[in-house]
Every structure is written in structure tokens, then in C-alpha cells.
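Undergrad: Here's the letter readout for the chains.
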Amino acid sequence: MTTTFDPLRIRLYLGLFCSICEEMGTILERSSFSPNIKERRDFSCALFDAKGDLLAQAAHIPVHLGSAQRSVQATLQKFKLNPGDMVILNDPYQGGTHLPDLTLIAPVFDPESPLSHGPSFYVANRAHHSDIGGKTPGSLPLSTKIEEEGLRLGPTLLIQNHQVHDETVQQIIGKSRTPEERQGDLLAQVSANKLGQKRITEYLKRYGLKVLKKQSQELQAYAETMMRQVISQIPDEEYHFEDYLEAPLTLPERDPLEDQLIHLGVKITIQGHEATIDFSDTAKQVPSSLNTVLAVTEAATLYVFRSISEEDFPVNAGCLKPLRIIAPQGCLLNAKPPAAVSAGNVETSQRIVDLLFGALSKALPERIPAASCGSMNNICIGGNFPFSDKKFSYYETIAGGQGALPWKKGAHATHTHMTNTRNTPIEALEHAYPFRIERYALREKSGGRGKFRGGNGLVRDYRLIQEAQVTVISERRIYPPYGLAGGGDGAMGENLLIREGKIEHLAGKFSLSAKPNDLIRISTPGGGGHGRLA
Amino acid sequence: MEKSSKKPGLWIGIDTGGTFTDLIIMEFSPEDPENTGKTHIVKVPSTPQNPAKAILNGLNKVEAFQKKRKNYGLCHIIHGSTVATNAILERRGAKTALITTRGFRDILAIGRQTRPDLYKLDSERPPPLISRKDSYEVSERILATGEINQEIDSKDLNKVCEAICRGKYQSVAVCLLHAYANPSHETRIANALGKSFQKNALEDLVPQISLSSKILPQFREFERFSTTVLSAYVQPVMTHYLHHLYENIQNQNEKSLKLTVMRSDGGQFPLHEAQEKPLHTVLSGPAGGIIGSKKIAENAGFENIITFDMGGTSTDVSLLPQEILKTQESEINGMPIRLPMIDIHTVGAGGGSLVRVDKAGALRVGPESAGAHPGPICYGEGKELTLTDIHLFLGRLDPKFFLGGKLILDTDSVQLKMQKMAKRLRTSSHELAQIALELAELRMEQAIRVISIERGYDPRDFTLICFGGAGGLHCVNLARRLLIPRILIPPHPGGLSAYGMLFSDLSQWKTKTLLLASNAIDYEELRERVEGIFEEIKQPIADEGIPPEKILTMGFLEMRYIGQSFELSVPLSRDFIKHFHQLHQIRYGYCDEEKPTEIVNIFCEASGARKKPSLPYLGALEPKEGKKFLKTERKTTCFYDGKKYTMPIYFRNNLYPGSSWEGPALITEYSATSFMPPGCYARVDRWGNMIIELKD
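Sequence lines, in order, name chains A and B.
Position 195 of the first sequence, counted from 1, bears residue number 195 in our numbering, the numbering being contiguous throughout.
Position 590 of the second sequence, counted from 1, bears residue number 590 in our numbering, the numbering being contiguous throughout.
Bound-form chain A, shown alone (with noise of 0.2 Å):
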């Protein structure tokens, strides 16, 4: 460690920057229009030191913890903006998770210093859009190839001078199926950032550029000591665990199942206050959408050692200093170009997830939970109006059960870890889009068994009026969450359709051409259970 903090102001600083970040959030989720971002929460709001290094985040969805860094640092390394500027991306590969999530960054100018000094601070906010022109409505096609999966923008200017480029925003508006609702999607994001350069520029105006730079810098010592304090709980050893992910292009009937399961291993070697994460031992990239770039494993790393802690603690670039990540180029957790990465979010984010914590259940079996569902159920319906040529755009995921811990039972019904998604009242739905909800309960007996129960999952029965066509990318289809401590395994889930009374079963990713009156029922996985029974 390099830098300390002052104990005891080191929480005002964190409150003055958090609260910024907050603010920000705010904006973005009142007054934007994509479902992902006003009813999922899934953006993210965070302030960024001159150097590109991240200060003070509000996630208000795991998976986007500490992965604004990269956009940040790579619209550095393309532009020295100015003030005026805003920049967008959505390139994976530049910056970005994948490309339904736009990023904005602008710079944060001191009053006091020259402008050949260059900004002091960054602001940036990023946001999951609903339909950025992918090969099939929604935000998440069966793509093999990013290319499929809609508009590629690295760093852009989206601002230079104050002066909004209109062609750049023509590129992205023009790409969606639902254009207007992009547009006010990107309005709300330049607001929350312009909301965040004037709270910063207030800040310099009140205690000064040099007193600002030192309290960022000691937050982020904090927060490493923080993570520091964390690993150090945990005993130094070698832990190993592994998990599968589905592949999308197999069939159970035809293929045995060790093609269909795609292999994720992962070593945690502990030494004192340092922990590395290898997840070398994981397949290569696939032809499918589930592959990450190394943003979305950070993200989930982060989040996995942060739940662990007993308590809350900022995320910025100090707590990423004691993780060392290790994902070879080219493997399914540091994908390149021209991996399908849409799914990798939503996807394998919670697999990784599912991994660390079954690796760290050796070192600490007395608070690590069984396995949640583990997929956030994926569901796209698109077409059009009756009697229009208006088209619509649905999307939606679905909870499952949560693990069982060693001292609860899990919750049903609950989205888990990477994400928390609020559902779609049916009321709203049903009022928006051509087709009904004739059934959404909990799926008995789903959870797995044992001392603890896993939480039930959940069944949703979709009635279809009119033709469509339908999207689903689950996981736990094939291969179920795991049960620890003798505890069951959680019931994996089951996609089905029912055309005609005749029931047929569909794969864990499809993409069909529904017609009127076909019903499509999605049943969730249980989470996994703890505990022998007595």
C-alpha cells in the first residue's frame, strides 16, 4: 500500500462522492424509458479520478461493479477532451460489457486550473438499452457472432462543444427497432452526466482541486484496505471448484451431455491480504452469446468478495488492487473479437458467480450459500400490433430460487446475486403488448432439500394473440444448481410449449415464430439446499 486515509473523514469523503453518484441514478431511473433501466435498475453512475481510475460507483445491479474503469481509460487513450464533450461506446472490445449498455463519459473541468491541464475528474454513466439492432427484437439474439448482435460503437464523440453530433446519434437511433425510446433513453443519460459535472464542479468551487485530489486517493486506499481486510479472513490455500454453462446449439435428445455442458474452472490461490483468481482451467470462446470480456469476470469477482464481507464497503480501483484475475485471451471469461458476448452479462456473470462461491464454500463453509438458480431467464417477444404495422419490443427476466444458507432457508422467487431485476406488473403489460399472463406462481417443490431448503423457483404461463416471435436464453436446464453440505440440488428449469394441447418441450435457448393462442410456459430452477437432512 502506498497511500493511507485519514480514519476519521474518510467516511465524509465517500458520502460527499456517493451521494453524487446517487443523484445521478436518480435521473436516470425516473426519467428514462427502457424497461432494463428504469424497472431492472440496470445502469450504473459513477465518478472517475484524472488518471481514468475509478472513485465512487453507485451500481445499482452487481454486474456493472468497477467496469465503467475500462471505458473510461479507453476514451483516454482515443481523445484529450475538452470541456463541452460527452463520449459514448458500447464496443466490448473497447471498453464496454456488451453492446446493449451504452456508456456516456464526460470530463470534469477545475475552475481554478488552466485548461491545458486536462480534466480533473470523470463522469460517466452506463445503461442497458432495449434494442440497440441486434438480428432479433430485444437486446439478446441467439447470436454466434458479435456482429449479430446490433450497433458497434467505440469511444464517440456524442457531444464535442456542446454541439450534439446528429450523426452519431442518427447511427444509434437509427439501428433500434424502437428509435424514440432510444432517444429519450440517451437525453436521460446526458442529463445524469451534466447533473454530475456541476455537483463536482460545486465541490472544486467549495474546498478546492488539491483537497478533492487527496480524498480520492484516500478512498481508494480505503477501499483497498477494506478488500485487504476481507481476503485476509479467508486461510491461506489453494481452493478449486468448477461448473458448466450450456451450449445453445445442442440438443438433449441428439447430443451426449458432455457436449452440451460447457466447462468453467477456477483456482483461488490465498496468500495473507492478496487472493488470485485463475480461471484458466475454462473453456475457449464459443459460437454462442455466452462469452464475457474480462470487465463483466471482474465485476462478478468484486461482487462475490464484497458479499462476503460483513460489512459494506466502496468499490473503486483500490479493492481491485489485492485481486489478481487471471483469464487467458480468447477463453470464454476474456472473449475477443468476434465472440457473441450479449449473453455473457446476464448469463455466465452468475455462473462465475456460482463458481467462486463454490470454490470459497471449502475456506468458509459456515457462510457461503448453495447455488442460486443461476440464469435470470431470459424472455424477448416481438412483433406487431394487431391491425399495425407499429411494431413491438418485449423483454423481461424471470427469478428463481435463492441457495439455502448454512443457517436459512432460501427465498423463493428472488432475483440473486448479479442482478435484481423488478418484474413487469402484468397489469402494465398486458395493457402495452399483444399477448397475457394466464399463470404466474411459484414452482413447488423446486427448491432443493436438506437441513436448509432452496427457494422455490417460478412458472409464468404466456398466452400469445397474435404472431410473434419468441426468445428465450436460460441456463439450468441441463445441469442443476448445486445443493452444499450434503444439502439437494435445486430443480433445474423447463422451458415448454403448448400449441394445440400438445405439449412440447423446448431447448434452454430458442428462438421460435410463435402463433395465436400458443402458450409458452417458463418454469425457473429452484436454488440449491443446505444441509444433510436429519
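Hints in this document: simulated from the structure, not taken from any laboratory.
For every residue, glycine included, the Cβ atom is placed at its ideal position computed from N, Cα and C.
Treat the hints with caution; some may be incorrect.
Here chain B is said to cover these stretches of chain A; the calculated rule only asks that three of the stretch's residues, wherever they fall, bring their Cβ under 8 Å from a Cβ of chain B [what the hints assert, rightly or not]:
#1 218-228
#2 311-317
#3 410-416
#4 464-474
Among chain B residues calculated to face chain A with C-beta under 10 Å, some are [what the hints assert, rightly or not]:
#5 E221
#6 Q446
#7 Y590
Start from chain A and add chain B according to the hints.
TA: Relative to the frame of chain A, chain B by itself:
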């Protein structure tokens, strides 16, 4: 009817709190048009097992109520009750059944699928109030348009009715999908239930029936179901309680008694309505405090106020830009209630907030609290430092006159603990104390920022109304941080809620989901719909004897851009669309006049101004002879900003209209202490308010 009697009458405001039940009694005489009668304040310990007992105990202490009773005419009691609130918090409500659409009995258990805490591995929503075995399904279906897609299956319905009769339920909630758009199926189920209760001759155990289409005709099923079920759950408890209370008061004296009940939105309603809509009372105590603040501030000449109520575990703040702002987004114990309530923002910073060192060695304050037990170290039982201990250490609490001298504070234990913690943080006890206060004040400052600056209001245009036991210890620093120019501390800050209840109006509201594009309906048609609702809600107020010309009505449209999820409330006017854009600009920093908007709900309110007391006038500003000088009780030492000061202690009771003084000073009263640091000036106005000016 509000009778005009020659005999003097009584107004009594009653606020049942967790620890104390406060009664404020004002006498009024027909000969005194100003209504500036005598005011009595009674504080009695609450009796949570039977809250009515404390009220009766309190009333018995009021001389005017008892001995000279024959001399009095009408007695009007306005009651803020926590009976419904506590029934929910302690899960002691009625045995309740749920009837819903087939396929949806788990809606309450599923909630919105979210967990309350992102990083706690065992984070879990509270279990639903009604378990699965008490949830019944009926085959039927109404669509979003209100169209009936499937009629009620009568076999299903009969079975459910029988099961409910057998189940010995006290209350039944009927919540069907899309019932806000068409209530006919809910009504049919209610009728069928009624018949079967008769047939089965349940007699004294007839369950009460609550319909979601009546309680909250708004879309979003989970929130509507939750609100309806909460209401059904507390209704039998509340009905019984209010009935019991009324009978008992009536038994004690035979004078003409009128009992109305305070609601969470600041209005009041007659007893029979409170029995039907008990959930409207859950935040009635805090609402009384806001109404009281508004009345007192207006009287003193301040229109824009921010209220600041700091208690033992949390701090409530609220912003009133000349009017009371309301919200429908509230919850109790994690369960949503979509009924209008005064918009009060709460943060976890109170006198009991823990001051501790975290695992990285950093100083933290709250949000964890020592609560009432074990409480602060200085009260004698606590083991961990709290904000209250810090104040004592800094000389801002008078150890000998806490709660009127009933509790002698333990200064030595606090000092010992402070020294230990300061050593660990390599600092002095004084610096530690100062930073701990700053941390707490930062959290309070941010709470006020959220409701003011973040919503487009400038705190410099507001007066801070400070009440609650600990508010006076922080208010000056807080005002300085936010550039609020002035603070008003009302007399009896502990009894402000009960006091405010005397000044609330009889009111009614009704909300209706519209979900229509703004350009699909014109102003005239909206006006017509709103007028229709006004007629409905004015009637019950007129029934209480308020003349029609004294009933005010207001219509609001809850609007958003098509595609958004959160609405902004705009008063109904010809320019409502323009106003929406303007409000959006203020709240979120942008607007787009090209973008289509929609009206989600219509919200209508009617209020009838009752005859009310005036605020007691304490006299002219010239201090009376012999009271020219402030009586200093004692001097004490305090520390502020690292410096040591000797300051006087004043008793609030000895301050008179016209008294003025400057900081540093400590002002103590029975249940509150106020600290004035150097550099501010205070005076007492003719209503006994203490007004602190910060401008130099």
C-alpha cells in the same frame, strides 16, 4: 353537524406514540371570536396493549374535561392512531383470506421479484401477510381494457365461499386482475360472500370484505393487492379499537362528543370512515407534525418551510413549498402501500445512532442504532457510543436537567469510552466528537438535499422548522451547511403532532387509473370527469356539516412521457401538458415538448375547512416588567469547532415574547435541548416560537 352552542367547547388533539401519548387541549368560547382559549398539554405513558387506556388516563387528567364538564358544550377529539401501524409491524392483524384470479395466488409472495439488499446473501422480502393456504383462486378473467374475457366460474365461487365460511376468517380481501378497469367481478364475489355468510349464519363472526377496486382502483397488481390486503388485515382491529375508544370516552362524560381520525395525508375523516379505511391512518402521527409545522410557520410569517424531526433512531424531513407535498410511493415493513401520504423522507440518523470504528479502521456513524434498549451509554445501560453521548461530551446536553432532571446522565463512562476510541483513531476525544457530529450532519444534509436541491428547490428560500428531541442540537449546523437562513423551534416541540391535528381539515380523495395519451382526451372532458369525482367526494364532507361553499376541490393528473415508468403530478388546467414539460425540466433537468405524454391516473381531493382554534397568543413583544432580562439558570462549558466556550443555559419556560439572545447558548425544556453555537441570534415571537437567525 358542527353545532353552535353558547357553552364553551373543547378541542382535543391526541397523538398515540410508541412511548408517550400526547394530548393537547384547547378551550374555545363562543364569546371569543379569536378562539384563543387556554391550552393544556398532557403527556402520559402509552399503553401499547390497549392504547385507549392511555388516552382515557390522559383525559382524566384534564380538569376542563372532568370537573367542570357541565359548563362545556361540544367536545371535538381529533385522534392520530398507531393501532393499524402496530398491528402490521407486529403482525397482530386479523385472520385474513385472499380471493384472487386463478393462477395468481402467489402475487404477494412474489412481490416484484427483488431482494431488499443487493450485497447481503440472506436478503429476503418479508413473508406475505396471507399464507398460501389462506389464498383462494377463482376462474375468471378481465382484460386491461375492462372487457370480460372469462366469466366467473360459479362452481369455483361456491367452493371458495364455503371454504371461507368454514375457515373462521375475520376479514377477506378480494383482489382480481384488472379490477381497476372493471370492478364487476369483485362486486359479484362480495355479494356471493355476503349471501353465504347469511346462509351459514355466522352471526357475530361475519368477516369484513375489502375489494381492491374500492380500496385502490389503480393498475399494478402487486401494489394494489398489497394495499388491499394490508387494509383488510387491520380493519377488524381498527374497527374494534375505535368503537371501544368512543364508547369509553362517551361513558366518562355525557357531553356532545365528536371523534374524528387523522390520516397519513394530513386530512381527517369521521370515525365510521376510519373504520372502513383504517390503512389511511398508518402515518397519522408524523402527518400531524407536518400540519402543525405549517400552521405555526404561516402564523409566524413563513410560507416556505423544511421540517426537520430528529428522534432516537431516525430523522424525518419534509419540504413544503407553500403547500404540503404528497406521495403514493410508501411502504410499511417492506410492503407497499399506494395511498396518498405526506411526502416525508427518512434517514437512519438519530440520537441513538452508533459511533463506531469499522474493519478498515475508519470512523462511522449509524445507520445502526442503539435503539431504546440498551440506548446511549450516558443513560446507564448502553455499551456503545451514540450521538447522544457525543453531545453530552461536548457539553450540549445538561446532565442535571435531562427529562426535567428525572435522569442524571453518566458523563464519566462516556469520557472513558471516548478516550479509548480516540486513542484507536490516533486523535483527541474532541476531534473525534467533532467529526462524528459532522458525519451525522452530512447524512441529514443529504436527506434535505434530496427533497430540496435535487427537486429544483433552493434551501435559501426556506425556513427550517425543527422539532423532535434531538433536532435542536443539529439544526444550526445543518442550516449553515445548506444556507438556510432561519430556524423556527415551536413551543412544545415534543407535542407538535398532537397540536397539528387540531388544525387539519376534513378531506376526501379519490384516484382513478386513466392510462390515456394526453392528446386522446381534451381539457373539457377531463374537467367533466374530475367534476364527477368531486361530486362524489364532496358529499361525505357536506354530511359532516361543512357548508358547500367552504369545500375546496383540487384535481391532479399523474403524467409521464409515454414509455416512462414514474409519473409526475400536475394540477388540472388548460395547460396541463405544458406544465408537465416544465415540471419534468425542473425535476430531471430536461424535457422534450415534441414527445407524446400520457395521463396515468386522475387524483381528486376535496377538503372542508372546519372551525379551528387560533394559535395561543402569548402577549406583546415587550417583555413584562421584571422579565426584561433572561434568567440564566447556570453556565456550562461547551466545545465548538475545536474551541472552548462558556455559555449560559436558559430554560425554555422562562423565555418570553420579545426575549432575545445570542449564541453560544443552551436552551433546555422537558423533552428537548437546543444548542446555539456562536454567531447566531435568537428571539421569541409572540406565539412563543424560538426563531434563530443565521444571517450575519
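Undergrad: Any CB of chain A closer than 10 Å to the CB of Q446 (chain B)?
TA: 5 Å, holds
Undergrad: Taking 8 Å as the Cβ threshold, is the statement that the stretch 464-474 of chain A is covered by chain B upheld or broken by the three-residue rule?
TA: That given contact is violated, which follows from only 0 residues of the stretch 464-474 of chain A lying within Cβ reach (below 8 Å) of chain B.
Undergrad: Taking a Cβ-to-Cβ distance below 8 Å as contact, does the stretch 218-228 of chain A have at least three residues touching chain B?
TA: The restraint on the stretch 218-228 of chain A holds, since 3 of its residues have a Cβ under 8 Å from chain B and three suffice.
Undergrad: Using a Cβ cutoff of 8 Å, are there at least 3 residues of the stretch 410-416 of chain A near chain B, or does the coverage claim fail?
TA: Our answer is that it holds, as 6 residues pass the Cβ test (under 8 Å) against chain B, meeting three.
Undergrad: Go through the hint on E221 (chain B) and say holds or violated, using the shortest Cβ distance to chain A against 10 Å.
TA: 5 Å, holds
Undergrad: Mind taking a look at whether chain B covers the stretch 311-317 of chain A? Criterion is 3 or more residues with CB to CB distance under 8 Å.
TA: Held - the stretch 311-317 of chain A has 3 residues with a Cβ nearer than 8 Å to chain B, which meets the minimum of three.
Undergrad: Going by Cβ atoms only, is Y590 (chain B) closer than 10 Å to chain A?
TA: 5 Å, holds
When held up to the earlier numbered hints, the structure conflicts with hint 4 and nothing else.
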